[in-house]
Amino acid sequence: MKLSKIAMATAGASMLATSAFAAGHEMQGRDGHVGIIYWQAASILNPYLSGGTKDIEAASLVIEPLARYDQDGNMVPWLVDEIPTVENGGVAEDLTSITWKLSEGLVWSDGTPVTSADVVFTANYCMDPEGGCQQLAKFGDVTSVEALDDLTIKITFGVPKPFPYGPFVGGQTPILQAAQFEGCSGAAAPSCTDQNFGPIGTGPFVVTEFRANDTISMEANPNYRDPSKPAFATLTFKGGGDATAAARTVLETGEFDYAWNLQIAPEVLDEMESAGKGTIVSGFGTLVERIMINLTDPNPDLGDERSTVAHPHPFLSDIAVRQALSMAIDRELLTEIGYGQAGRPTCNVLPAPAIYASTANDACLVQDIAGANALLDEAGWLPGADGIREKDGVRLSILYQTSTNAVRQDFQALIKQWWSEIGVETELKNIDAGVFFGGDQSSPDTFQKLFADVEMYANNFDGTDPEAYMGNWKCSEIPSPENAWLGGNMPRYCSEAYDGLLAEMAGTADIDERARLAKAMNDMLMQEYVIIPLVDRGRVSAHANTLEGVVLNTWDSELWNVADWSRAD
Amino acid sequence: MSDATIQAEAKNRSLWGDVWVQFKSHKGAMVGTFVFVFILLAVAIGPYLWNLDPTFANIRERNQGMSWAHPFGTDQLGRDTLAQLLQGGRVSIAVGVTAMLISLIVGTAIGVLAGFFKRIDGLLMRTTDLFLALPLLPLLLVIIMLFRDTLRKAFGPETGIFILIVFIIGITSWMQTARIVRGDVLALKEREFVLAARSIGTPSLRLILRHILPNVLSPIMVSATLGIANAIITESALSFLGLGFPSDFPTWGRLLYDGAQYIDNYPSRVVWPGLAITLTVISVNFIGDGLRDALDPRIRGR
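Protein chains in written order, with numbering that gives the first Met the number 0: chain A, 0 to 568; chain B, 0 to 301.
What the hints contain is simulated information worked out from the structure, not anything from laboratory work.
Since this is a predicted model, take the numbers as computed values, not measurements.
Misleading hints may appear alongside valid ones.
Stated by the list, open to error - With a Cα cut of at most 27 Å, we get these calculated DSSO-like pairs of lysine-lysine:
(1) A:LYS53 to A:LYS228
(2) B:LYS117 to A:LYS390
(3) A:LYS428 to B:LYS152
(4) B:LYS117 to B:LYS26
(5) A:LYS390 to A:LYS428
(6) A:LYS100 to A:LYS228
What the hints assert, rightly or not - Calculated Cβ distances over 10 Å to all of chain B for the following chain A residues:
(7) PRO189
(8) GLU208
(9) VAL267
Just so you know, even glycine gets a beta-carbon here, dropped at the ideal spot from N, CA and C.
Let the hints inform the model, and build the full structure from the sequences given.
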């Protein structure tokens, strides 16, 4: 009651503010105040000293990289005029260097110009061996970063890099001001609290008060490069609580305008949205819930050779069986039950970014029990006395394992039922997540060992470039006792053609060509049915109905376009 | 109570007749017996009368409340809750009773032997201490890792896990019984009637069976009733960790854990299995209480 009164008062006040500024429509700060709630509080505003998403995203309000990813995972120039490529000469022919050119006339929020020296300083700041930089992986293989002139920066790599967009692309590696961070390199980095809590940046907002692990207050950057932005004069970045409480403040009480990463049961979230104060938005990355088929025999009688390539699987090595298993699954229903708006059905193990997403396998979106039955009949798997299909004394009886998790157990129960409709018997097994993903050499229940016929889990990759991810399914990645069960090739899939495509990708710089290769590899895995993708799991956030311009982005900071946010009239 | 039984009692009083008379006078015990027998009958015969498949997911009818088609509603996958309760009760009660019997037999045997024979007292009690000191969860992990595949192969997934769980729960819950029984036996051993029996040359075995055991029945009964409850709960905890029965195999504990996350929107999903567990445990406790009174010669007849 009381809360709703306050909310109404706030809404009234903001309406007044809007009408008062209606005349100066293009003015910065015309829409008053915006409140953002992250249920994990930010503890620092320097992404180089923290790997936490909440810190990186809070910092993205203030400091910016040279280029960002948009909602489709494509690069967009941010502090530069164009993305360097081999075609425009920005990337060397031998793929060992990349040259960035800053836009003219950029200034920091304190009014001083942004120069290449700031970029070089930032690179050296992160690569300082004593600094403990959290984003060092982004600077992998970098041998030197040098300023060619005031606006031009050349990054040189020790090896050819077909995808040289690690440093300074995306919210993890923004540019710091050299003048401010000068004394903070190396071991001194964590002790520079003033700098780390209030970096000077080029972003739309500047920090006015930083309370670690609680609230950050900000105001519009007076020197922002677009004088009409941001639309909000002040901003509060509130942290703490839990996802449910954060969702309530936006969807039910209207205290805040934007809530991040709402991992809540779909039914609960829908109920909150029906209060009518806010909207749920979802964005999809690369996290795919999938079933991995074991192409090798997990029979315990085989001892040390269990689940190794020495013994092919008695029936899952038949592609007809694998295809039938995939056809029998209703992915729409699984998504609806397990994830609601936080998921979408997928037929690809590489569902995003958009340019890498294949459309060749979309037939799997429709469940086809009759088709699966026909396929098995044709392949000679005929129902026995108990309704379970068999051929030459081999019964289609599957042990299906996954980690202990309510949604996964629901998935198991449903899939077991669908498989029983095509004459496949399924035994379910769930393993504590700590053991399943733990990688303990002595445990028989790890997901690498795969002492079962099929297993289900979710996996994704960091960033937007899928090369390393697709490399999981090359022959040398097959887990076995020889490599201590390390490696990501759970299906034990091995194809010379696949390995060939992968080698080709490693030597290709052109982004469209890389996309073609990645799609080809994805299609190969899908059409061999060695991986059965189920659901593409996304990120869910919520914004107030009065907040306009929100574009949920899973490839960069969710607050990447905060400068474009405004209040609806 | 018919006239015939009264006459029969009057004519020929036996130990168990006296026990029955005393037991009947305990109202709680009679109600408990009635409820327990009802639950037993329900889970034994129920699945034949209510013949919906407890594991069949009828997606179109999920999250339903009470109706004639589904008297206790359905769960998030559209599985009938009543059918699941009946089927789950079979497993839970079987696990509870069997595990209780194992721990009872082991506990009583060790307690009586340790109390009665001084020579092996130290050894047996240190063994008990050893078992008490064993951390339960790591032990379970090791046992399940070592024997799950073997038992699964020999008896199938459900029976194999049943044997394993019953054995594990039984073998890790007998220690309290053993300690209590030993204490009582130590005190009884020095009583006049035991000395008298010993002085006329009664052999040890007869002494234990005839004089000691009937007198320590009450603590045994109490730990037995607690044991059933404990076993049902432990089984559900194991299922929750993924060490128990397959996840689509309903037991009361699993239904309770699965329902817990929906407690806000569909409280009935927790209420039904919770009620079933509670009723079983309370009724068994009352039966135990009645039996204890009935078996104690000092209380009987008052």
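Each hint tested on the structure:
1. A:LYS53 to A:LYS228: 24 Å, holds
2. B:LYS117 to A:LYS390: Given that 27 Å is the threshold and the Cα spacing comes to 65 Å, the pair is violated.
3. A:LYS428 to B:LYS152: Given pair LYS428 (chain A), LYS152 (chain B) holds - Cα atoms ~14 Å apart, limit 27 Å.
4. B:LYS117 to B:LYS26: 41 Å, violated
5. A:LYS390 to A:LYS428: Within the cut-off at roughly 25 Å; holds.
6. A:LYS100 to A:LYS228: 24 Å, holds
7. PRO189: 38 Å, holds
8. GLU208: Non-interface label on GLU208 (chain A) holds, nearest chain B Cβ at 37 Å vs cutoff 10 Å.
9. VAL267: 7 Å, violated
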